[in-house]
Each structure stands twice: as C-alpha cells, then as structure tokens.
Amino acid sequence: MPQAIDFGKLLSLFSYDKYDPLLFGSSLFLFFFLFVLLVQRLFSNQKALRIYSLLFFSLFFYYKAAGIYLLLLVFSSAFNFYFGKLIYESKTALLKKIFFITALLVNLGLLGYFKYTNFFLQILTDLKLGTIEPLHIFLPIGISFFTFKALSYVIEIYLEMFEPVKSFRDFSLFIFFFPNVLMGPIDRASVFLPQIEEDNPITKEDVGRALFLISCGLIKKYAIADYIALNFDERVFGFPLRFTGVENLLAIYGRALQGYCDFSGYTDMALGVGLLLGYKLMDNFNRPFKATSVGDYWRRWHLSLSTWLLDYLFKPLQISFRSMRKWGTALAIFFTFFAVGLWHGPNWTFIFFGILHSVYLIFGMFTQSLRKKFTDSIKITGTKFHKFLQVVFTFHLLAFTAILFGSPSLQYTLDMLHQIFTFFHPEVFPQFVQAYTTVFVLIVFGYVVHFLPKSIEVKAQNLVIKMPVVFQAVLFAVVIWIVVQFKSAAMMPFIYFQF
Amino acid sequence: MISEKLRQVILKELELKEFNLQDETLASQVPGWDSLNHINIILAIEKGFGIKFKGLEILKAKNIGDLQKLIDSKIPS
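Same order as they appear, the protein sequences are chains A and B. With this note's numbering, the residue at position 11 of the first sequence is 27, and numbering never jumps. With this note's numbering, the residue at position 22 of the second sequence is 98, and numbering never jumps.
Warning: the hint list may mix true and false statements.
Using 20 Å as the maximum straight-line C-alpha spacing, the simulated PhoX-like pairs for lysine-lysine come out as follows [unchecked claim]:
no., chain 1, residue 1, chain 2, residue 2
1, B, K93, A, K331
2, A, K101, A, K113
3, B, K81, B, K145
4, A, K403, A, K470
5, B, K81, A, K331
6, B, K93, B, K130
7, B, K88, A, K342
8, B, K136, A, K331
9, A, K144, A, K63
10, A, K388, A, K342
11, A, K113, A, K331
12, B, K130, A, K112
13, B, K145, B, K130
14, B, K123, A, K113
15, A, K331, B, K130
16, A, K112, A, K182
17, A, K342, B, K128
18, A, K107, B, K136
19, B, K88, A, K112
Some but not every residue of chain B turned toward chain A, in silico, with C-beta under 7 Å [stated by the list, open to error]:
no., residue
20, N113
21, I115
22, L119
23, G131
24, I134
25, L135
The set of hints was computed from the structure by calculation and includes no laboratory data. We treat Cβ as the ideally placed atom computed from N, Cα and C, and that holds for glycine.
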C-alpha cells in the first residue's frame, strides 16, 4: 500500500527549527540550492525577478537559522540604507558626523545587546557590584557578520569612498545574500554592490571554479575537520587530564588544522555557491600556516575580518595616537586585537586570545631591529633555513592561541599546558598512531596539502575548469561519496556559527 | 603630479633609493609601506612640510595623488 505523505513533516522542512538550520552540505540545502539555481535560470533574462527571488530565498535561508529574528536582518538593511543616504546628503560636516555616530551606535548597540549583555551582567556579579540574573537573550545567528557588512557601507560613505546605492532592493541583497549571511565572508559594499549593477553572466570558468571550491570545502569540512574533531580533538579538549602530554600536543596540532578546515571549508563553499549565482565573494584565506610572522598570519587568516578591522579600527586609532609614535601604534594594535577577541564572543578565553595576539605583534614590532641584528650576526637573514625557522616558530605561537580558542574555559587551557610540560610521555606516540590511524593520517594529509605550492592548487583548479561536464559530474559524485564515508550521523555545526 | 619634495620624504622614510611614485600609486605597492610603517610616513610628511593633517583627511586619501592634493591644500601658494 502506498504510504500517505506526512504533510506535517513536509511543513517542518520549511519552518524554523533552532537545531536544524540549512547547513551547507546537508541534503536539504542541496535541494534548496538546486531549486534556487533552477529559478535563477528560469529568470535568466529578467534581472528584477532574479534579484527578488534571490531576496526571498535568502530571507527563507535566514529564517531557517534564526526564526523571527529575521526582522532584525530586515531592520539592519532598512536602517543602514537610510542612514547611508542621510550621511551622504548632509550639508554640514557636523550633521554628517551626527548621523554617522548614530549609525555606529545603533549597529554596535544591537550587536552588543544580543551578544554581550549577559557577559557584562556576569562581570558585575563577579565584581560583587550587584547580582543580576542573566537575561534570556536569543543570539541571532550571523549578527556579527551582517552587522560588520552593513557597517562597511556607512563607514565607506562617511569616508567618501563610496556613494550610496539608489536601490533598496539591491542594498537588501547585499545584506541578506544567503551564501555569506551566516558566517561571512564579510564582503565590502563597494565590491559587492557594483556586481549587482553590472550583472555579469556566469561563465564556464565560474562553474568549474565553483565546483572546485565546493568540492574542496566539502572535503575540508566533513572529511577532515569534523572527523578529527569528533574522533579525537573533542575528547582531549573535553578532558585534558585524562590524556598524556603528547596526546594533548597532537590534539592542539589537530585543533589548529580543524579550525582552519572548518572555517575555510565553509568559506570555499560560500564562494562556490556565490559564483554559481553570479557573485564573486571576498576570499578569506591564503594558507595561514605558511605565515612567517604573526603579522603575516593576519594577512592570511579571516581576511575579510582582518582587513575590515585594519581599515576601520586600526588605522583611525593609529592616526589619532600618532603623537606617541611607536607606543601609539602599540596601543592601536592592543585595542584592535582586543576587539578581535571580543568579536568572537563573550568569553574570557576569546578575549585572552585577542590580547595574546596583540602581545605577539607588539613584541614583534619592538624587537624587529634586534632580531634582524641577531639573524645578520649568524648569517641566516633571508635564507630558506631562516624562513623555515620563522614558519615553525610562528606556527607554535599560533597553536598556543588555538588552545585558548578551543578550550571551554581557562582552566582547560592550564590543564593542557600542565599535561604537556609535566606528563609528556613520548613513548605513547606509537600507540596513538595505532589507535587513531585515520585521525593521524588526516592530520598529516591536511598539513602536507596546506604546505604544497600555490601553483599546484591553480593547476588542479584549471584542470577541473577545462574538464568536460560529464567528468565534472563524476568528480563531484566522487567527492560526495567520500564525504558520505566520513560524515558522522550527527552533523557538527560550523565553529564560526557561534560568532 | 607628485612633487620632488614629497617623493624625497617618502623614499627617505622607507630607506628606498629609487621608486617610481605616480598619482595612482597605492601605499601597498610601495616596498616597505605597510600598516605599521604608514604612520611614520605620515609623521615624516607633517614634519617635512610643517603641516598637520586631520585624522579623517588621511583616512580619505586613497593613493599618493590624494596625499599630494591634501598637502597642496595645506600650503599657502
């Protein structure tokens, strides 16, 4: 007997479920996206309909992740569109400034209310300034990302780098655009909005590149990051004292790779999905572990955030503190990285993570000439060996911050360090390789691929672009097959969803 | 046009012997002009020309040509 369709179940696919957003890589997302592509294709000659349908799909996508807080996204779009215009049209510098500061306060105020209220209440309680019960505040997913995206618009208008767009429809697409609304990249208005205007057709090259990116993203996220996290890292980070120092150290190496594969995997997918819709999003990563200094690392990791903060926070601070010369720059670095930490969330581990990065950078700045003198004296400046040392040393400085990033609280960080420095037991290593063979192979594989020359990636990408469509389809099927082999029953949320 | 004086101030601060600075040259295209060094160049220009910039004016400058215009606007002709 044929089964009756359960309409209740069907309906639930379209309604908000806190625990079930439309994750890239889920089968529901695949159907959703195929439908979106079909509609876009159907309206290929009608730009307005294409944009309106994309707005609708983006709102649905956000609704699936945040429910009624969809209204906040709509408010952000309307408010910033209107204030962009007000700033631009103001006749006097004073009025311009008033509108600009209002826009900053409203955007940052909303972000602060949803993200940090309970954190500050907790601080007040800890300082015994009063006991205030934490409030029930829902954190609208992606708020840090879309707020920064919207802020780039008003800031660039204030700095006269960009003129406001006339179309509220186009501006809303910039804010709502589903590939980057939840986890970035934090695209710049001045780069994204002209693309809507130009309306460039999608080329065969775009399709090939998108396929390559989505494949890389799926493998990074599901075959590497999730597998390492579930089968090894979460266990060690959850109970560091149950493991030896060598396992803790390997978990930290694993965690650094996992963090990168999780976030850059998501970005690759976002970029690929964007390309198939005709939009080029900002790239976020450039092999961060190849960095030769912590400064270099921030030119390779989460670029859309680091360049945002560099342009809109660091530079203005540095200019205001310029009479203090190097100390002024040091202060600007400190405030910027304090903001980096706080941006990641209301937790002391994130704040220490940011402060630690600022300490690295400030120390690096003050010792630059001293370090050069030293490497000159032992005649290694600029040699391959010098670069190798720099990469290894920088990586370990970063791995150390990865402990803070991955620990539920500072106590766990201290426990891990305690195990590494007092209970190392290197003889456990062969047993580890035997017990966690797949994890070990994946970690090694991940790092080896990361350190391959960029030219190999370009060649692989060109190969996919030039492939006949049939081969592309087979390749994609193989990737999905691999991902399914690795994928656990329960999908892990992306780490950066919480920000 | 980038004036000889501005060219000299920038090259001296960056310890460069020669570099072709054009109106549309971006800071990122000049060797050594990074985010940390940026402020030293601004300070050197302020000192060299005996002028004082407003923070917002410097942030608005997109390339070296803009910087030249800004300097010109501050020096009485």
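Here is what the structure says about each hint:
The straight-line distance between the Cα atoms of K93 (chain B) and K331 (chain A) is roughly 27 Å, outside the 20 Å bound, and the hint therefore fails. At most 20 Å may separate the alpha-carbon atoms for a hinted pair to count; K101 (chain A) and K113 (chain A) meet this at roughly 13 Å. Between K81 (chain B) and K145 (chain B), the direct Cα distance comes to roughly 13 Å. Compliance with the 20 Å bound is thereby established for this hinted pair. For the given pair, K403 (chain A) sits about 17 Å from K470 (chain A) by alpha-carbon distance, which is consistent with the 20 Å threshold.
At roughly 25 Å between alpha-carbon atoms, K81 (chain B) and K331 (chain A) are farther apart than 20 Å, so this suggested pair is violated. The hinted pair formed by K93 (chain B) and K130 (chain B) fails the criterion: a straight-line CA distance of about 30 Å is larger than 20 Å. Among the hinted pairs, K88 (chain B) with K342 (chain A) is consistent with the structure: their alpha-carbon atoms are about 18 Å apart, no more than 20 Å. With a C-alpha separation of about 11 Å, the suggested pairing of K136 (chain B) with K331 (chain A) holds against the 20 Å cut-off.
Proposed proximity of K144 (chain A) and K63 (chain A) is contradicted: the alpha carbons are some 59 Å apart, above 20 Å. With a C-alpha separation of about 18 Å, the suggested pairing of K388 (chain A) with K342 (chain A) holds against the 20 Å cut-off. Note on K113 (chain A) and K331 (chain A): the hinted pairing holds, with a Cα-Cα distance of about 18 Å set against a maximum of 20 Å. With a CA separation close to 16 Å, the supplied pair K130 (chain B) and K112 (chain A) stays within the 20 Å bound.
The suggested pairing of K145 (chain B) with K130 (chain B) holds, with an alpha-carbon distance near 14 Å, which does not exceed 20 Å. Between K123 (chain B) and K113 (chain A) the alpha-carbon distance is near 29 Å, which puts this suggested pair outside the 20 Å criterion. With a C-alpha separation of about 13 Å, the suggested pairing of K331 (chain A) with K130 (chain B) holds against the 20 Å cut-off. A C-alpha spacing of about 19 Å is found between K112 (chain A) and K182 (chain A), which places the hinted pair at or below 20 Å, so the restraint holds.
For a cut-off of 20 Å, the pair hint linking K342 (chain A) to K128 (chain B) stands: about 18 Å separates their Cα positions. A hinted pair counts as satisfied when its Cα atoms are at most 20 Å apart, and K107 (chain A) with K136 (chain B) qualifies at roughly 18 Å. Between K88 (chain B) and K112 (chain A), the direct Cα distance comes to roughly 37 Å. Violation of the 20 Å bound is thereby established for this hinted pair. With 7 Å as the threshold, the beta carbon of N113 (chain B) stays out of range of chain A, its nearest partner Cβ sitting at about 9 Å, so the hint is violated.
For I115 (chain B), the interface hint holds, since its Cβ comes within 7 Å of a Cβ in chain A; the closest pair sits about 5 Å apart. Against a cut-off of 7 Å between C-beta atoms, the interface hint on L119 (chain B) holds, since the closest Cβ of chain A lies about 6 Å away. A distance limit of 7 Å between C-beta atoms decides the matter here; for G131 (chain B) the minimum to chain A is near 4 Å, and the interface restraint holds. Nearest Cβ of chain A to the Cβ of I134 (chain B): about 6 Å, under the 7 Å cut. The hint holds.
Of the supplied interface hints, the one on L135 (chain B) holds, with its beta-carbon coming within about 6 Å of a beta-carbon of chain A, less than 7 Å.
Comparing the model with each earlier hint shows violations of hints 1, 5, 6, 9, 14, 19, 20; every other hint is respected.
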